[in-house]
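Protein chains: 8
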Amino acid sequence: MSDLYSRLSKDDAAVLLVDHQTGLISGLVRDYGVDEFKNNVLALGDTAKFFDLPVILTTSFENGPNGPLMQELVDLFPNAPKIARPGQINAWDNEEFVKAIKATGKKQLIIAGVVTDVCVAFPALSAIKAGYEVFVVTDASGTFNKQVADAALTRMAHGGAQLMNWFSVACELQRDWRNDVEGFGNLISSHLPGYQNLMGSYRGAQRDFSKQSV
Amino acid sequence: MSDLYSRLSKDDAAVLLVDHQTGLISGLVRDYGVDEFKNNVLALGDTAKFFDLPVILTTSFENGPNGPLMQELVDLFPNAPKIARPGQINAWDNEEFVKAIKATGKKQLIIAGVVTDVCVAFPALSAIKAGYEVFVVTDASGTFNKQVADAALTRMAHGGAQLMNWFSVACELQRDWRNDVEGFGNLISSHLPGYQNLMGSYRGAQRDFSKQSV
Amino acid sequence: MSDLYSRLSKDDAAVLLVDHQTGLISGLVRDYGVDEFKNNVLALGDTAKFFDLPVILTTSFENGPNGPLMQELVDLFPNAPKIARPGQINAWDNEEFVKAIKATGKKQLIIAGVVTDVCVAFPALSAIKAGYEVFVVTDASGTFNKQVADAALTRMAHGGAQLMNWFSVACELQRDWRNDVEGFGNLISSHLPGYQNLMGSYRGAQRDFSKQSV
Amino acid sequence: MSDLYSRLSKDDAAVLLVDHQTGLISGLVRDYGVDEFKNNVLALGDTAKFFDLPVILTTSFENGPNGPLMQELVDLFPNAPKIARPGQINAWDNEEFVKAIKATGKKQLIIAGVVTDVCVAFPALSAIKAGYEVFVVTDASGTFNKQVADAALTRMAHGGAQLMNWFSVACELQRDWRNDVEGFGNLISSHLPGYQNLMGSYRGAQRDFSKQSV
Amino acid sequence: MSDLYSRLSKDDAAVLLVDHQTGLISGLVRDYGVDEFKNNVLALGDTAKFFDLPVILTTSFENGPNGPLMQELVDLFPNAPKIARPGQINAWDNEEFVKAIKATGKKQLIIAGVVTDVCVAFPALSAIKAGYEVFVVTDASGTFNKQVADAALTRMAHGGAQLMNWFSVACELQRDWRNDVEGFGNLISSHLPGYQNLMGSYRGAQRDFSKQSV
Amino acid sequence: MSDLYSRLSKDDAAVLLVDHQTGLISGLVRDYGVDEFKNNVLALGDTAKFFDLPVILTTSFENGPNGPLMQELVDLFPNAPKIARPGQINAWDNEEFVKAIKATGKKQLIIAGVVTDVCVAFPALSAIKAGYEVFVVTDASGTFNKQVADAALTRMAHGGAQLMNWFSVACELQRDWRNDVEGFGNLISSHLPGYQNLMGSYRGAQRDFSKQSV
Amino acid sequence: MSDLYSRLSKDDAAVLLVDHQTGLISGLVRDYGVDEFKNNVLALGDTAKFFDLPVILTTSFENGPNGPLMQELVDLFPNAPKIARPGQINAWDNEEFVKAIKATGKKQLIIAGVVTDVCVAFPALSAIKAGYEVFVVTDASGTFNKQVADAALTRMAHGGAQLMNWFSVACELQRDWRNDVEGFGNLISSHLPGYQNLMGSYRGAQRDFSKQSV
Amino acid sequence: MSDLYSRLSKDDAAVLLVDHQTGLISGLVRDYGVDEFKNNVLALGDTAKFFDLPVILTTSFENGPNGPLMQELVDLFPNAPKIARPGQINAWDNEEFVKAIKATGKKQLIIAGVVTDVCVAFPALSAIKAGYEVFVVTDASGTFNKQVADAALTRMAHGGAQLMNWFSVACELQRDWRNDVEGFGNLISSHLPGYQNLMGSYRGAQRDFSKQSV
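Chains as they are written, first to last, in this note's numbering: chain C, 1 to 214; chain G, 1001 to 1214; chain F, 2001 to 2214; chain V, 3001 to 3214; chain W, 4001 to 4214; chain D, 5001 to 5214; chain U, 6001 to 6214; chain X, 7001 to 7214.
Just so you know, not all the hints are guaranteed correct.
[What the hints assert, rightly or not] Not the full set, but computed from the structure, chain W residues with beta-carbon under 7 Å of chain G:
#1 4128
#2 4131
#3 4159
#4 4177
#5 4178
#6 4198
#7 4202
[Claimed, not checked] Listing some non-contacts, in silico: residues in chain G with all C-beta distances to chain V over 12 Å:
#8 1011
#9 1023
#10 1035
#11 1078
#12 1080
#13 1128
#14 1130
#15 1175
#16 1179
#17 1180
#18 1182
[Stated by the list, open to error] Simulated crosslink set (BS3-like; lysine-lysine; CA at most 27 Å straight-line):
#19 X:7010 / X:7082
#20 D:5146 / V:3146
#21 D:5099 / D:5146
#22 G:1146 / V:3082
#23 U:6010 / U:6082
#24 C:129 / G:1010
#25 G:1146 / W:4146
#26 X:7049 / X:7010
#27 V:3082 / W:4211
#28 U:6129 / D:5107
#29 X:7129 / X:7010
Hints are computed from structural coordinates only; laboratory data are not their basis. These numbers were taken from a predicted model, which means no experiment stands behind them. By construction, the Cβ of each residue, glycine as well, lies at the ideal position given by its N, Cα and C atoms.
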């Protein structure tokens, strides 16, 4: 059972962002606060960018009530495959999507999306069945309420997915701060106001003591 | 372990609605808001109807305090087997019920009921033992409080049941929007006020721009 | 201080529904569940209809992201004044709106809207200042979260508004069931699933005992 | 403003129990757990009994879905006026009810009922207007959810009612334990499992040390 | 994995009540309301009594701050083995306790106690290791807070215990209402105020229609 | 209405600690976590000590299930009047208690106790009536649940009491850090782990930069 | 009592930001999520900027564990008075602070700060006493927990302060969208992800229909 | 599956405290109250001390915003290995850390840290892979919010870790009170105010009855 701990590696991982569309987020996501959820999704995006992981974007009916992809994600990944599914609900049923994944050559898939119980759970379980290691980013995935999220996460956990959050994904990919102390510090402090405050206080203390030691 | 992902298929699935009786809902269900719960149960009913799945209704002591089946379900499925159990608590102990299931010829059972820890958990676990694949619709199943629900869902998940919600059931059955865009859109928007709002806004925008483009 | 209890009277009251627009509800309301909120708003609408109270609808920028008024309200009140404010945030700053209120000749104003802290609080406080008695329907008014709602309700309560919910509004207007037992019963059971269940159980019991007494 | 503290006195107080009917409790009360609410109502009943306060019971449509009064209350107060209102929602609109209150000769009214926003708030505010001092027993009064309860309690508090709970009512009436130490101890421990545990532990300790001191 | 569903049988089951002592409940249990918890424990006790299951009581240091066993349990099971452990924290480490269990000849153990993470989890896991089937009654077991309870229940579920609540235990033992309709009805309604209300309403309806049919 | 802001002054204030007894806290207080509540009470005690305010302790039936006063309070105020009330529930009904208050010559009373709705609310309201300014320390006062606390705090606020917490009491008494920077820093950091962490980090930074500046 | 509604006016209002320091936020604020709180404070800052209101910043011991002011506020208001209080806890006790307020010539004070019960409540109540109209921005003010916040907000509301949130402040100042549609739209959408999503969907719809109408 | 119950033994266990640093706790931990969390961490520390278990401390970048280790832990374990990791996020990637663990010769690892999803989850899963039995002390480990904690605990539980709390760790190590009644009583009462109250009441009763028996 301890086989479950296959660590994320920046050399083996690709990121799938499924249906983070303005309408779906606005109309359906209620298990996270709006500020928190936007921050989590962008934090995952910036993490993927920072580690230069291949990213695959996909949308469902973006010309319609579901709305377009969050503009920030479009801007962040101008060259990523952006697969507008013509109707398939489970992204894994879309050949182009699976082909794009295969093209990355990666075996570890980091998945987040809206809504958790459908747009995340379906491709996550399909990917496991297809032999991939799947890491679900729970806090960058949203749905109707906590009870629905809990059921979906239980289904995925029992199906073999590993439940993570964007911060633990970033940390497991980074492995060692020394790989890029400043870059990694910027990444996490720009999405963790709590950490940003710590850095503010530390710099403040530095200023205080610099003056004193003069 | 990845075997757990056996996808719901509209060709293989039957729906069991266990004891959604007016008294039991009124007197015992406290883990969902009353508006929300009624909506979830009817949404599951409409989903079954939309996909033309065989439905089996059963009640426990409906001539008594437990009360009659919700009238909307009676109206929705006038021809479904409606098995008034003379005393068996676990519906699976009622031969007529099991026979009705067998008569459908389906191997995937979608179950919801009141209360989750008894009327759902007992037949769900029995069905798994009898070789069926079981999908519990958590948000169309209610009970005394969240702690009781959590224990019952854990018992079922560890026993091999897959935990879902009515929306993910509908989506997994639909597979592809193109199978019936309008019909499926109606199904979900009629039970998801959030989605209905998205459609209202989209149609509003359509009106706005139609005027402008004249 | 006991002067505060001026009872609602169906002869003295008008209803103001402010900015129940699809976009605003979808994007901003998070202090009520979506099923619950939709139900509460329509229940208030049906209450106004049942008592034949004058209703005034108003919207803010409905040709834009805020979206159109909920279609159900449009359908419910085809002949009500529907004032599309060209920019005023406080509806009371719109002359047409105030004129429409004056035209009703009523002195009691029942107000609900989205969002509570702005679209409800501003006109509610203005109306009190203008000499009206104001009754805020808290559960048909929504906003960002409970903390914001609490602050806004406190501001209004200290400013002289009476806090109610749609059900107490309906009951205070009805005064006596005998004014229309069946009509009032239908009104409340159609928006209170809990009450609907009671009626279902009671009718079930009636059927049981009818059979027995034969 | 300090005039608000008019202490409850067992010589000046009567208790009004409004619509504690089985159907209403079962179908509508959701702001208290079922065990907790039943206990609170009976605790208030036993308190009234203990202090021999005049009690007035009233029901709304008890021959119908609202159901009969809780049997325990019927049994507890066999000789209390039990006014079945033929239709008035605000019990204060029922002459017989007001007459029964006047007959008690008391000026302090302790009110509880189902639902808080209607069956409690309406007569409470009417009673204040009629010159009574009103004490609302919040935890023996139930309604749809906490948000509705909060609005109703705010309305009553701003209207001049004093918000209490059954335990503070009992304590304010008792004034001094020495008026009946054993009786009062029994009253509260029979409805406060926490206090009952304290007494159990204390008696246990007494047994321990009795043995030791032999 | 479906082997996990070994149904409780009244012929195979014994009940272990571990450390339901007044001090421990008063001082440590915070994951259930006090009314609710007392009710749940006594409901489990009455269930054991109703099915005439062998019951084993055990306490930890009852001559001391932990306090004596709840008096109601003492009264309910005057002839049950009541093992005062001289120091063992895990009741399974007490030979007398294990011997008493063996003496029952049962293979299914229903366990509840205070606190969940220690007094329940330790003997539950030991019993599984010793070859018993273990059913943990989550709502008759209490501890410091929900987070501690969740961790303990997860530990036990992953260790092979089945999580239940007192009501599902009662129902699984009963199997069929017809085995004793009245007795079982009394058992559950005496501990489920919600069910008691249903019965009250039903009887009320019966009275109504009896009168009418005359 | 702005008269309500009468600032606490260390020259005008006395502290009343009512019934912080081990049994009452253990058996009845459920609206605060146990760690948090103990800390809050001791923080208020240390605040009183720090500002050398007169403190009056009182208990109700301390030779009995209510238990003795928390030992820490006894140790903290060895010379304070400690009035064991022979039966009066409202401490204000005890002459010795009122006499002790008068003896302090203070006009501002800071009150906390167990339970909020009785042991705090009764003397608080009595003291206001007697002409004192009353400051209720809400987080050093505990009761059965949040709903009871809310009702009691509303009653007191409408009755003229000012609602505070121990930290704001300490800060309002201190007025200016410079009156004793180190002493006040110790007072608050010893009861605010969050502040203690800030000081730990600041000292850590000081060490870092001291090394660097060498 | 209706006098309480004195509307905010951009010509009469100044903004006081009290002690939004990195250490205090990090170590003490727990009644808002970190993402949400940071967003609320910056939203209030941007609102002040947008309406060109005079802003006064103040800090408590910023050379120490409390840490420096949030850097974003420093950057936003480079020319605002920034008063580092040498020790006064109530900013109103600092002459320079009061002088800076007087210098603005405004009579309406919008206050937010950390922590609510001290750094906001003290100057808010002092300002009311000094004759100012005070508007407390509850969601840009943080403290230890919700119970402390509730007590402090009650104290301020009863003391005559008006409770608002940053969004209602912005809306009451703006009065009419037409004063600057685009500017105001940018202001609120940049701090309301929910509104930003609505705008994204609307623009998406515009694109859709533009294509179609070609 | 029952193999999962490998009991903690004081002869086989070592304790790993990972990154309990003042900055991280202050800035990032939000799933426990601050009083509660501090108490839990120190309780685990005192437990390790009491059983004389080998303890290994480790920190991440303690010369920086993360801050120094909690001073109380430094003081408690002056001779424990204290490994300041130069950059490795997963402590298991630090050779010195793993070497220190091996040097203890223990096979059971008790882990707690900040944050749960990274500093605990990574080494916990690595340790399981390396053949150790891992016991995660959930309540002495903190992170951003409950949802993140739940995902991380699920990941660890499915990966083979046993979820515990400090109290169950202490009890499982103690096995039998008689190994040191007084010492163990002191250990737990000093960190469980609820238990401390029980002891206070018991001693109070002892005093009462001693007097009486004289």
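Holds or violated: is the Cβ of residue 4202 (chain W) closer than 7 Å to a Cβ in chain G? Given a least distance of 4 Å, the restraint on residue 4202 (chain W) holds.
Checking one constraint from the list: CA of residue 7049 (chain X) to CA of residue 7010 (chain X), max 27 Å. Satisfied? holds (11 Å)
Least C-beta distance from residue 1035 (chain G) to chain V larger than 12 Å: violated (10 Å)
Run the distance test for residue 5146 (chain D) versus residue 3146 (chain V): straight-line Cα separation, threshold 27 Å. holds (11 Å)
Beyond 12 Å from every chain V Cβ: check whether that's true for residue 1130 (chain G). About 35 Å separates residue 1130 (chain G) from the closest Cβ of chain V, which puts it past 12 Å; holds.
Tell me if the interface restraint on residue 4128 (chain W) is satisfied: Cβ within less than 7 Å of some Cβ in chain G. violated (13 Å)
Over 12 Å to the closest beta carbon of chain V is the bar; see if residue 1175 (chain G) clears it. holds (38 Å)
Looking at residue 1080 (chain G) again, its CB stays over 12 Å from all of chain V? Holds, because the least Cβ-Cβ distance between residue 1080 (chain G) and chain V comes to about 27 Å, which exceeds 12 Å.
Regarding the hint that residue 4198 (chain W) lies at the interface with chain G, is the smallest CB-CB distance below 7 Å? This interface hint holds because 4 Å falls under the 7 Å limit.
Assertion that residue 1078 (chain G) lies outside the chain V interface [Cβ separation over 12 Å]: Answer for residue 1078 (chain G): holds, closest chain V Cβ roughly 25 Å.
Closest CB of chain V to the CB of residue 1128 (chain G) still more than 12 Å away: holds (32 Å)
Please work out if residue 1146 (chain G) and residue 3082 (chain V) have their alpha carbons no farther apart than 27 Å. violated (38 Å)
Hint check: violations occur at hints 1, 2, 3, 9, 10, 21, 22; the rest are consistent with the structure.
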